[in-house]
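The chain contents come next:
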Amino acid sequence: MRLLNRSAGRLSRHRRGPIAGLVVLLLGLLLTGGLYAAFAPAQADSAASQEELVKEGRELFLVGCAFCHGQNGEGVLTQSGDQYGPALTDVGAASVDFQVGTGRMPMSTPGNQAQRKEVVYSDAEIAALSAYVASLGTGPAIPDAEMYDPATLSDEEYDEYVTRGGQIFLANCTACHNFEGSGGAMPRGGFAPKIRGVDPKHIYEAMLTGPQSMDTFSDGNIPPDDKKAIIAYLDTLNEQPSYGGLTLGGLGPVSEGLIAWLVGMGGLVAFAVWIAAQTTRTSKKKDGADA
Amino acid sequence: MTDSHEIEPAHGGHHGELVPDEPIANPGMPEHLPRPTDVDPKKEKRAELQVAAFFGLSAICTVLFAVAYFTLDIGSNWHTFGGVGASTVALGATLGLSMLFIGIAIIHWARKLMGDHEIVEMRHPAYSEEVDRVRALDDLKIGFEETGIARRPLIRNSALGALALLGVPAVVLLRDLGTLPGDALEHTIWGQGGRKIKIIEDGKEVEVEVPLMRIARDAIGTPILASDLEIGDLVNAQPEVLFNPGRYYVEPADVHGHELQTHKSKASLILLRMEPRDLKPGKGREDWDVNGIVAYSKICTHVGCPISLNERTTHHLLCPCHQSTFDLADSGRVVFGPAGRPLPQLPIAVDEQGYLVAQSDFTEPVGPSYWERDYERDRFAEDD
Chain A
1 MRLLNRSAGR LSRHRRGPIA GLVVLLLGLL LTGGLYAAFA PAQADSAASQ EELVKEGREL
61 FLVGCAFCHG QNGEGVLTQS GDQYGPALTD VGAASVDFQV GTGRMPMSTP GNQAQRKEVV
121 YSDAEIAALS AYVASLGTGP AIPDAEMYDP ATLSDEEYDE YVTRGGQIFL ANCTACHNFE
181 GSGGAMPRGG FAPKIRGVDP KHIYEAMLTG PQSMDTFSDG NIPPDDKKAI IAYLDTLNEQ
241 PSYGGLTLGG LGPVSEGLIA WLVGMGGLVA FAVWIAAQTT RTSKKKDGAD A
Chain B
292 MTDSHEIEPA HGGHHGELVP DEPIANPGMP EHLPRPTDVD PKKEKRAELQ VAAFFGLSAI
352 CTVLFAVAYF TLDIGSNWHT FGGVGASTVA LGATLGLSML FIGIAIIHWA RKLMGDHEIV
412 EMRHPAYSEE VDRVRALDDL KIGFEETGIA RRPLIRNSAL GALALLGVPA VVLLRDLGTL
472 PGDALEHTIW GQGGRKIKII EDGKEVEVEV PLMRIARDAI GTPILASDLE IGDLVNAQPE
532 VLFNPGRYYV EPADVHGHEL QTHKSKASLI LLRMEPRDLK PGKGREDWDV NGIVAYSKIC
592 THVGCPISLN ERTTHHLLCP CHQSTFDLAD SGRVVFGPAG RPLPQLPIAV DEQGYLVAQS
652 DFTEPVGPSY WERDYERDRF AEDD
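Chains as they are written, first to last, in my numbering: chain A, 1 to 291; chain B, 292 to 675.
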């Protein structure tokens with residue numbers, strides 16, 4: 001008991017430490033993952049269950065995806081020959097897990113860019129859909145947690161990964177996603193989304209598959225370990241203090257200038273107008289003054 | 292201007308009156324109305340107290356600023372108030388309010404209590420009085436004559452010479468801006484691959500051929516196997532010599548520190564693999580790609596920003612500085628924006644081990660235009 005108390009006390013000392021949130025997150029992930037693995041029907045145990053998963057995925061696909069992507073994921077063209085829904089024959093499970101797992105698919109309205117929204121399918125359904133689409137052709141598989149999760153790194157490794165990841169991030173990602181991952185504008189009304197606070201698995205899958213207009217950063221482009229380093233760097237960005245006050249979206253001079261001009265200068269102008277609008281005159285005459 | 296703006300007589304007829312000088316009578320100044328504080332001693336007293344109260348509030352805020360400065364740690368409590376530091380908020384708010392209260396107090400004072408009468412200030416002529424102008428010119432003339440400069444050419448000439456020579460230090464100091472660039476802008480470090488050099492080996496001078504420059508991943512530093520890239524991959528790349536100078540017989544000091552940045556500013560590369568059928572190779576560039584992999588300078592030809600905002604679906608590369616857009620499937624042609632020239636393309640190939648290499652240096656200067664640039668050599672300058 002004493003031992004338990006002491007170790008609890010030792011643990012408790014670290015509860016405000018910089019990685020406490022991470023550790024709790026990792027524990028939560030491990031717990032849910034472990035429970036899921038223990039109680040969910042085994043997926044890859046046998047060829048039969050895999051087959052069942054693909055079958056289940058196909059049923060979901062026919063209902064939710066086939067209208068745009070074709071009944072066999074072959075894609076649908078518009079009358080003018082443009083792509084209505086792209087072919088999914090070689091996108092792989094990672095792509096489905098990303099698109100459906102972040103709510104981008106199914107799209108609510110056809111348009112330029114599918115946006116992140118509430119996830120429609122359950123985890124089990126996403127797994128089934130991924131398995132089905134993966135069975136249509138080649139393409140990257142869903143990565144394991146140890147490939148992307150910076151929480152699996154030791155403290156020293158973590159520091160090394162963050163340093164390296166920062167350099168790779170600056171060379172490859174900041175052009176579109178901004179120097180602190182806040183996202184940015186792209187041609188023709190598109191935008192690169194904010195990537196801070198995104199599930200490491202989805203960041204990994206996005207690099208691997210290049211969703212929508214994004215370029216691919218395949219394992220031959222940025223090796224898996226370097227991808228993990230990028231994710232570790234993004235992880236520190238989440239924790240980074242903003243000593244200078246409000247970050248205003250971390251978009252640089254645009255949002256700061258906008259606030260300074262509209263709120264700051266606008267407030268001063270409004271105040272000056274209000275002062276000048278107040279009359280200080282009265283029609284009363286001073287007692288005893290002439291007429 | 293047309294005649295339609297001529298002033299018509301006020302009453303139509305040719306025999307009528309013309310427009311009077313002032314068609315609307317000058318109403319004069321409006322009647323002066325006093326302020327409540329002028330007529331009511333109670334209100335005057337109240338305004339006085341208000342002004343003093345604002346000055347007092349300002350003083351309190353200033354004291355609080357000093358207190359906050361010494362009691363709150365700067366930097367270590369950065370998330371006290373909704374993600375903003377206690378010290379940041381306290382210092383900003385107290386100092387801002389103390390200045391705001393002084394402003395309010397002065398405005399209130401001026402509007403309620405200070406002297407209250409309208410003043411008309413007539414406009415002055417801009418030039419000085421004639422007397423002053425004449426006197427100033429006379430003074431100048433007298434001064435000039437007293438120097439005797441017209442009678443003493445020796446002094447005049449030596450003074451002029453001394454003053455003129457003072458321009459020399461200004462010109463000489465320009466030298467510190469650096470050496471003239473020479474042809475440095477026309478070459479990049481990609482050209483270090485494939486050249487022939489003489490080295491001393493075992494006391495004998497032998498000629499060796501430097502291997503072709505491999506293309507390496509930026510920040511990671513490893514060379515790239517052509518077979519490793521998938522369609523849709525965009526690689527931000529650098530010449531391998533920056534990471535492994537020995538292989539190219541380059542001194543490590545030449546790719547370090549300031550030199551490294553200089554090389555990177557010219558040699559940075561964008562590598563893109565697309566469907567070979569999407570690619571429209573330019574004239575004479577048919578063998579510049581490797582199975583759909585093309586390489587372009589990362590430096591915008593407008594004012595030299597590094598660009599890598601690429602849209603995989605359109606192969607359009609956008610420069611974030613001024614929105615110049617280049618079509619990477621079509622020899623880096625400018626499709627939008629102020630850039631005057633296409634992005635320079637680097638001819639690439641694979642070496643025996645299957646790594647991507649540059650066939651040669653860029654065939655034209657990379658980056659923005661400059662005075663000495665030889666536009667005759669720009670292959671695509673005459674196109675479009």
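Any given hint could turn out to be false.
Pair by pair, the computed Cβ-Cβ distance ranges are [as the list claims (entries may be wrong)]:
1) B:D364 / A:V119: 40 to 48 angstroms
2) B:P314 / A:Q278: 54 to 62 angstroms
3) B:P472 / A:R188: 37 to 45 angstroms
4) B:D474 / A:R188: 51 to 59 angstroms
5) B:P472 / A:L248: 36 to 44 angstroms
Residues from chain B that face chain A, not an exhaustive set, calculated with beta carbons under 10 angstroms [claimed, not checked]:
6) T328
7) D329
8) K333
9) V354
10) G376
11) V380
12) D509
13) I515
14) S518
15) D519
16) I598
17) L609
18) E655
19) P659
Restricting the straight-line Cα-Cα distance to at most 27 angstroms, the calculated cross-link-like pairs of lysine-lysine (BS3-like) are [claimed, not checked]:
20) A:K284 / B:K334
21) B:K336 / A:K284
22) B:K333 / A:K284
Because the hints were derived from the structure by calculation, they are not lab data. For clarity, every value in this text was computed on a predicted model and none was experimentally measured. Using N, Cα and C, we set each Cβ at its ideal position, and we do this for glycine too.
Results of checking the hints against the structure:
1. B:D364 / A:V119: 40 to 48 angstroms: holds (42 angstroms)
2. B:P314 / A:Q278: 54 to 62 angstroms: Hint violated: Cβ distance 35 angstroms, outside 54 to 62 angstroms.
3. B:P472 / A:R188: 37 to 45 angstroms: For R188 (chain A) against P472 (chain B), whose Cβ atoms are near 38 angstroms apart, the range 37 to 45 angstroms holds.
4. B:D474 / A:R188: 51 to 59 angstroms: violated (40 angstroms)
5. B:P472 / A:L248: 36 to 44 angstroms: holds (41 angstroms)
6. T328: Since chain A brings a Cβ to about 8 angstroms from T328 (chain B), closer than 10 angstroms, the hint holds.
7. D329: Holds - the Cβ of D329 (chain B) comes within 10 angstroms of chain A, reaching about 6 angstroms at its closest.
8. K333: violated (12 angstroms)
9. V354: For V354 (chain B), the interface hint is violated, since the closest Cβ of chain A sits about 23 angstroms away, which is over 10 angstroms.
10. G376: This hint holds: G376 (chain B) lies near chain A, its Cβ roughly 7 angstroms from the closest one there, short of 10 angstroms.
11. V380: holds (8 angstroms)
12. D509: The hint holds - D509 (chain B) has a Cβ within 10 angstroms of chain A, the shortest such distance being about 4 angstroms.
13. I515: With a minimum Cβ separation of about 7 angstroms from chain A (threshold 10 angstroms), the hint on I515 (chain B) holds.
14. S518: holds (8 angstroms)
15. D519: holds (3 angstroms)
16. I598: holds (7 angstroms)
17. L609: Hint on L609 (chain B): holds, closest Cβ of chain A at ~5 angstroms, below 10 angstroms.
18. E655: violated (24 angstroms)
19. P659: violated (18 angstroms)
20. A:K284 / B:K334: Given pair K284 (chain A), K334 (chain B) holds - Cα atoms ~13 angstroms apart, limit 27 angstroms.
21. B:K336 / A:K284: holds (17 angstroms)
22. B:K333 / A:K284: Given that 27 angstroms is the threshold and the Cα spacing comes to 14 angstroms, the pair holds.
Going through the hint list in order, the structure does not satisfy hints 2, 4, 8, 9, 18, 19.
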